[in-house]
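Here the protein sequences come in this chain order: A and B.
With positions in the first sequence counted from 1, the corresponding number in the numbering used here is that position plus 546.
With positions in the second sequence counted from 1, the corresponding number in the numbering used here is that position plus 4.
Heads up, some of the hints might be wrong.
[To be verified] Below, computed lysine-lysine pairings styled on BS3-like, alpha-carbon distance capped at 25 Å:
#1 Lys75/B x Lys599/A
#2 Lys685/A x Lys712/A
#3 Lys16/B x Lys604/A
#4 Lys599/A x Lys16/B
Quick caveat, the hints were computed from the structure, so don't treat them as lab data.
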Amino acid sequence: MHNFNYHHAADIADAALKLKVTVEPKLLAGGMTLLPTLKNRLAQPSDLIDLAKIDGLKGISVEGKEVVVKAMTTHAVVAASTDVRKAIPALADLADGIGDPAVRHRGTIGGSVANSDPAADYPAGVLGLDAVVETNERKINADDFFTGLFETALKPGEIITAVRFKIPDRAHYMKFRHPASGYAVVGVMVAQYGAKVRVAVTGAGPNAFRVRAMEDALEKSFAPASVANIKIPAGDLLGDIHCSAEYRAHLVNVYARRCVEALVK
Amino acid sequence: MEYNVQMTVNGKAVSGKVEARTLLVQFIREHLRLTGTHVGCDTTQCGCCVIHVDGVAMKSCTMLALQADGKSILTIEGLAAADGALHPMQQAFRDHHGLQCGFCTPGMVMMGVDIARRLPGADEKTVRHQLEGNICRCTGYQGIVEAIMDASAKMHAAKA
Ligand SMILES: Cc1cc2nc3c(=O)[nH]c(=O)nc-3n(C[C@H](O)[C@H](O)[C@H](O)COP(=O)(O)OP(=O)(O)OC[C@H]3O[C@@H](n4cnc5c(N)ncnc54)[C@H](O)[C@@H]3O)c2cc1C
Ligand code: FES
Ligand code: FES
């Protein structure tokens, strides 16, 4: 690992200032992505700005029809939250399926969402649950947030402060778990809001995306058969050592159907 | 540049000077010379380096020493009682043949204690899932899973 300078941010304003005055800074949240990246020398920040001591960035609240998860809340805390379990069980399940217990004890929602790893779980939750990503500067709709492979709408120096999920009537998340890492080879979130349905997919493409054809079909008839024959073009999907793009396209179909099956059971 | 770091390790206040990039496991092993905590992979996969930070299991190969500043750390060396009596989890690993070469064992035991804390009475399936981040090359996990279930039951009976 290359060396760097290390700072604790006292509050969000302090973190924003430190991001401005250092040469090539990076925010440090749980470090479950960033530290492995640094060990591999895939990044060489001049300064790490640790958000861990900012109390205002931790915690979960239910506000009306929304569940608000602050950026530094760990996956383990989301998974164990009775509020989340009651309001959006699919979100608690999603968090509980990330990596392993030790990873969940450190990894945070802010770090996961900011990273837009193609195989990360939270992006399917953010997109499927029509969330709003709040930063120190603005609010970004989920539909505008994930823009590419490890790319988001975040500007340099912007800090995620919270993710605001809309509570659905019902929702289900399932993934084909990579047997070694736990990451989603493909993960699908299906959520219903009255007459509207959202189908969000992670793992399959360069970044999380919605499948409008499935949403339309489920809005007409919320049944497994509605999605069973909707094929996803493999052209834009990822093929790698784990599996081909065609296989991922197939998995999207299978997991979308299984989510609907679980919901109508 | 060097940074001062202070923490409590196995009940004792310790401090030292570290580089920003010094990993917590390096600080524990190389600065404090507590070599019970192992490094099996260095890539956050194997769990040999699991310790407790403020009572919660974490992989010390994927934390900076500076991220543990001011925290309370428990390593395998701090688990047994002051008189040397084994912790129920250690005793259960012994009773159930939960180790062969012993390389994964410190991490397994520390994760086992964490599982018992979070999921009292966990069944076999749950324990196996909870060990997703701890890899053992030798035992085939059977004895490890039995040990964790046994110790977990004993720890909760002792508390009640
Ligand atoms: C063994 C292992 C298995 C894993 N398995 C899974 C899995 O199954 N599914 C899954 O989804 N993930 C998995 N992960 C990744 C894990 O969920 C990470 O915790 C997460 O992706 C990053 O969160 P972090 O808090 O650790 O962020 P960090 O590693 O600290 O940061 C990640 C990036 O986000 C930036 N960042 C952090 N916080 C903010 C913020 N508030 N605002 C703006 N930018 C920010 C950082 O600068 C950095 O670029 C795994 C990781 C490991 C090591
Ligand atoms: S050495 Fe830390 S997980 Fe393997
Ligand atoms: S006992 Fe040898 S690796 Fe587990």
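Comparing the hints with the structure gives:
no.: 1; hint: Lys75/B x Lys599/A; result: 12 Å, holds
no.: 2; hint: Lys685/A x Lys712/A; result: 14 Å, holds
no.: 3; hint: Lys16/B x Lys604/A; result: 29 Å, violated
no.: 4; hint: Lys599/A x Lys16/B; result: 23 Å, holds
Checked against the numbered hints given earlier, this structure breaks only hint 3.
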